[in-house]
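Please model the complete structure; the sequences and the hints are all you need to start from.
Going down the list, the sequences are from chains A and B.
For reference, each letter of the first sequence is one residue, going 1 to 315 in my numbering.
For reference, each letter of the second sequence is one residue, going 1 to 272 in my numbering.
Treat the hints as calculated values from the structure; they're not laboratory data.
The calculated lysine-lysine pairs, modelled on DSS-like cross-linking and capped at a C-alpha distance of 30 Å, are:
#1 B/26 / B/157
#2 A/141 / A/192
#3 B/26 / A/104
#4 B/26 / A/198
#5 B/157 / B/29
#6 A/141 / B/26
None of the values given here were measured: they were computed from a predicted structure.
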Amino acid sequence: MIAALPETLEHRMKDAGSCGAVIASLHGASKTFGEVQALRQVNFAVRAGELVALLGPNGAGKTTAVKLFLGLAKPSSGTVSVFGGDPIHAEVRTRIGAMLQVAKVPETLRVREHIDLFSSYYPNPLPLAETLAAAGLQEIKDRVFGELSGGQRQRVLFALALCGDPDILFLDEPTVGLDVESRRVLWEEIRKLIARGKTVLLTTHYLEEADALADRVVVINRGEIIAEGTPAEIKASTAGRRIRCVSSLDIETVRSLPGVNDVRRDRDALEIRAASAEPILRELLARDAGLSGVEVTSAGLEEAFLALTLEHNNA
Amino acid sequence: MATVSTTFAPSTWERPLNRTLAIYLKEAKYEFLTRLRLRAYSISTISFPLMFYVLFGLVLNPKDAAVGGTTIATYLIPSYATFGVMGASLFGTASGLAAERGLGWLQVKRASPMPPFAYFTAKVALGMMFSTVVVLLLLLLGFVFGGVRIPLLDAAKLVAILVAGSLPFCAMGLAIGYFVGPNSSVATTNLIYLPLSFCSGLWVPIMFLPKLLQQVAHFLPPYHLAQLALSVVGAGQHESNWTHWEALIGFFLLCLGVARLGFQRDEGKMYG
Numbered sequence: 001m002i003a004a005l006p007e008t009l010e011h012r013m014k015d016a017g018s019c020g021a022v023i024a025s026l027h028g029a030s031k032t033f034g035e036v037q038a039l040r041q042v043n044f045a046v047r048a049g050e051l052v053a054l055l056g057p058n059g060a061g062k063t064t065a066v067k068l069f070l071g072l073a074k075p076s077s078g079t080v081s082v083f084g085g086d087p088i089h090a091e092v093r094t095r096i097g098a099m100l101q102v103a104k105v106p107e108t109l110r111v112r113e114h115i116d117l118f119s120s121y122y123p124n125p126l127p128l129a130e131t132l133a134a135a136g137l138q139e140i141k142d143r144v145f146g147e148l149s150g151g152q153r154q155r156v157l158f159a160l161a162l163c164g165d166p167d168i169l170f171l172d173e174p175t176v177g178l179d180v181e182s183r184r185v186l187w188e189e190i191r192k193l194i195a196r197g198k199t200v201l202l203t204t205h206y207l208e209e210a211d212a213l214a215d216r217v218v219v220i221n222r223g224e225i226i227a228e229g230t231p232a233e234i235k236a237s238t239a240g241r242r243i244r245c246v247s248s249l250d251i252e253t254v255r256s257l258p259g260v261n262d263v264r265r266d267r268d269a270l271e272i273r274a275a276s277a278e279p280i281l282r283e284l285l286a287r288d289a290g291l292s293g294v295e296v297t298s299a300g301l302e303e304a305f306l307a308l309t310l311e312h313n314n315a
Numbered sequence: 001m002a003t004v005s006t007t008f009a010p011s012t013w014e015r016p017l018n019r020t021l022a023i024y025l026k027e028a029k030y031e032f033l034t035r036l037r038l039r040a041y042s043i044s045t046i047s048f049p050l051m052f053y054v055l056f057g058l059v060l061n062p063k064d065a066a067v068g069g070t071t072i073a074t075y076l077i078p079s080y081a082t083f084g085v086m087g088a089s090l091f092g093t094a095s096g097l098a099a100e101r102g103l104g105w106l107q108v109k110r111a112s113p114m115p116p117f118a119y120f121t122a123k124v125a126l127g128m129m130f131s132t133v134v135v136l137l138l139l140l141l142g143f144v145f146g147g148v149r150i151p152l153l154d155a156a157k158l159v160a161i162l163v164a165g166s167l168p169f170c171a172m173g174l175a176i177g178y179f180v181g182p183n184s185s186v187a188t189t190n191l192i193y194l195p196l197s198f199c200s201g202l203w204v205p206i207m208f209l210p211k212l213l214q215q216v217a218h219f220l221p222p223y224h225l226a227q228l229a230l231s232v233v234g235a236g237q238h239e240s241n242w243t244h245w246e247a248l249i250g251f252f253l254l255c256l257g258v259a260r261l262g263f264q265r266d267e268g269k270m271y272g
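In C-alpha cells, the structure reads:
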C-alpha cells in the first residue's frame with residue numbers, strides 16, 4: 001500500500017471525486033494518559049480529497065486523535081493507519097503536513113527561513129514563493145517570527161504544514177484565538193488546499209468553522225464520536241432551541257410533548273429543550289391559557305453537545 | 001500493548017544521503033542563526049569569559065606576575081577558554097532543548113519527516129561553533145593586549161582540544177535540557193555551571209584553592225579539560241593527559257546516557 005505513488009493517489013481521487021479511498025483511519029483506537037481516557041474505541045476514517053472537521057469542546061480528545069494520526073502518540077489499543085502505514089515512519093510523514101498548537105516557536109528566525117528549513121525535510125517541497133502565496137505571507141517573509149501578530153503566526157504554522165506539498169494535512173485548531181478577520185483569511189487558504197486536491201482533517205470547537213469549511217463533520221465528546229454527518233445534518237441536530245416559560249402544566253406532561261428533548265424546572269419556570277420552538281409553543285399555549293414569561297433562545301454549542309451526548313447516551 | 005498492531009510492512013525507503021546531509025547542514029545553520037540573534041545567548045556566552053579575562057588577566061594583573069613560570073595573561077587563556085567553552089556548550093543545548101520540548105515546538109518538528117538526530121546534532125554543532133569563537137577571541141585579546149606569545153601550532157592545538165572538549169558539555173546540556181522545565185533551564189544550568197567552574201579552578205588557578213577543593217576538583221570534568229588546555233602552554237598540574245582524556249570521555253558517555261534516558265522518557269510519553 002505504501003508503494004502507492006502520489007500520481008496513483010491523484011488518479012484515484014479524480015475518479016472518485018470527493019468520495020476517494022480511505023487514506024487515514026483509526027480503528028477501535030483508545031488512548032489513556034494515566035487515569036485519563038482521552039479516546040475510547042474510536043473508529044474514524046478520512047477519505048482522499050475531503051475536508052473533515054473534528055468538532056468538539058475542549059478536552060474532547062480532538063488533539064489526541066490528531067496526535068495518533070501524526071504518530072506523536074501511540075494508541076493504547078486499536079490501530080492507526082495513514083497511507084496504509086504507521087505514521088511514525090518518515091516515509092509516511094513525507095506525505096503528511098501538520099499544524100499543531102504550540103506555545104512558543106523560535107522567534108529570531110525569519111518567516112522564509114522557517115519555511116526553508118521545513119521544506120528541506122520533504123522530498124518534493126513547493127517552491128518558496130508558492131508556499132508564501134498559499135499562506136498569504138509574501139509581505140512578511142523577511143520578518144522574524146517574534147514580531148508577528150497572532151494571525152500571522154498561525155499562517156506561518158499553516159505554511160509549515162503545507163510547504164512539503166503533502167497529500168494530507170492535519171490542522172489542530174488552526175484558528176484558535178484569532179480575530180474574525182484573520183479567521184476568515186485562514187479559512188480561505190484552507191479552502192484553496194481542497195481546491196488543489198489535498199485532503200484536510202481539522203479540529204475545531206467552533207460549529208461555525210466546521211460549517212464554513214467541512215464536507216463532513218465528526219462530533220467528538222469525552223473521547224467518543226457522538227455524531228457524524230454533513231454540516232447541514234449536524235446543524236439540524238444541534239441547532240436546538242431553549243424555551244423558558246412559567247406554566248401550570250406539570251413537568252411530565254411537558255416532557256411527553258412530541259419534539260421535546262429535555263425539561264427541567266428552574267425556580268418557578270420550566271426550561272425546555274427542543275429541536276424547534278414553534279410546534280411546542282403552539283402545544284403549550286393550547287394546553288395552558290395562563291402560560292407566561294415566554295423566552296426562546298437558541299442553544300449554544302455547549303448545549304448542542306449536551307443534547308448530542310444525551311441522545312448518544314439514550315441510544 | 002499486546003493489542004497494538006500496524007499494517008505497515010517495513011520498506012526500503014530511505015532519503016538519499018546527499019539530501020540527508022543537506023538537512024543536517026540546514027538544521028545547524030538555522031540553529032546558529034536562531035541563537036546568534038538571541039542576544040541573551042550570543043552576547044553573554046561570548047562576553048562573560050572575555051570580560052573576566054580582561055579584568056583578571058589584563059587589567060588587575062601586575063605585568064610580571066606569574067603562575068609557576070607562566071604569566072598570568074597566558075595562564076588565564078586556557079582557564080577562561082574552558083569556562084567559555086562550558087558556557088557556550090551548556091547554554092547552547094540545555095535552554096533551547098528545554099524550551100522547545102516544553103512549549104511544543106519539538107513536537108511540530110517531530111511530526112515532520114525531519115531526521116530526529118539532525119535536531120540534536122544541530123544543537124551540539126552550535127555549542128562547538130560558539131566555543132570556537134570564544135577561544136579564538138581570548139587568544140586574540142591575549143596576543144594584542146597581554147603580550148601573550150603562543151606558537152601558532154600550539155594555539156591550533158589549544159583550539160582543537162577545547163573544541164573537542166566542548167562535546168561532553170554539549171551532552172551535559174542535552175541531559176539537563178531533558179530534565180528541566182522551560183522556565184527553570186537557565187537558572188538550573190547556572191546553578192551547575194558556576195560552582196563547577198569555580199571548583200575546577202577556572203576562575204582562580206587551582207593551586208590557590210584550598211587543599212580540599214583541589215582534591216574535589218579531580219572529580220569535576222571542567223578541571224580535566226582545563227588541565228589539558230593548560231598543558232599546551234606548559235602550565236597546569238602536570239598530570240597524565242591520558243587520565244584527563246579518560247575522565248572527559250567517561251563523562252561524555254555518562255551524559256549521553258542520561259540524555260538518552262530523557263529522550264526515551266519523552267518518546268514514551270508520546271508513543272507509549
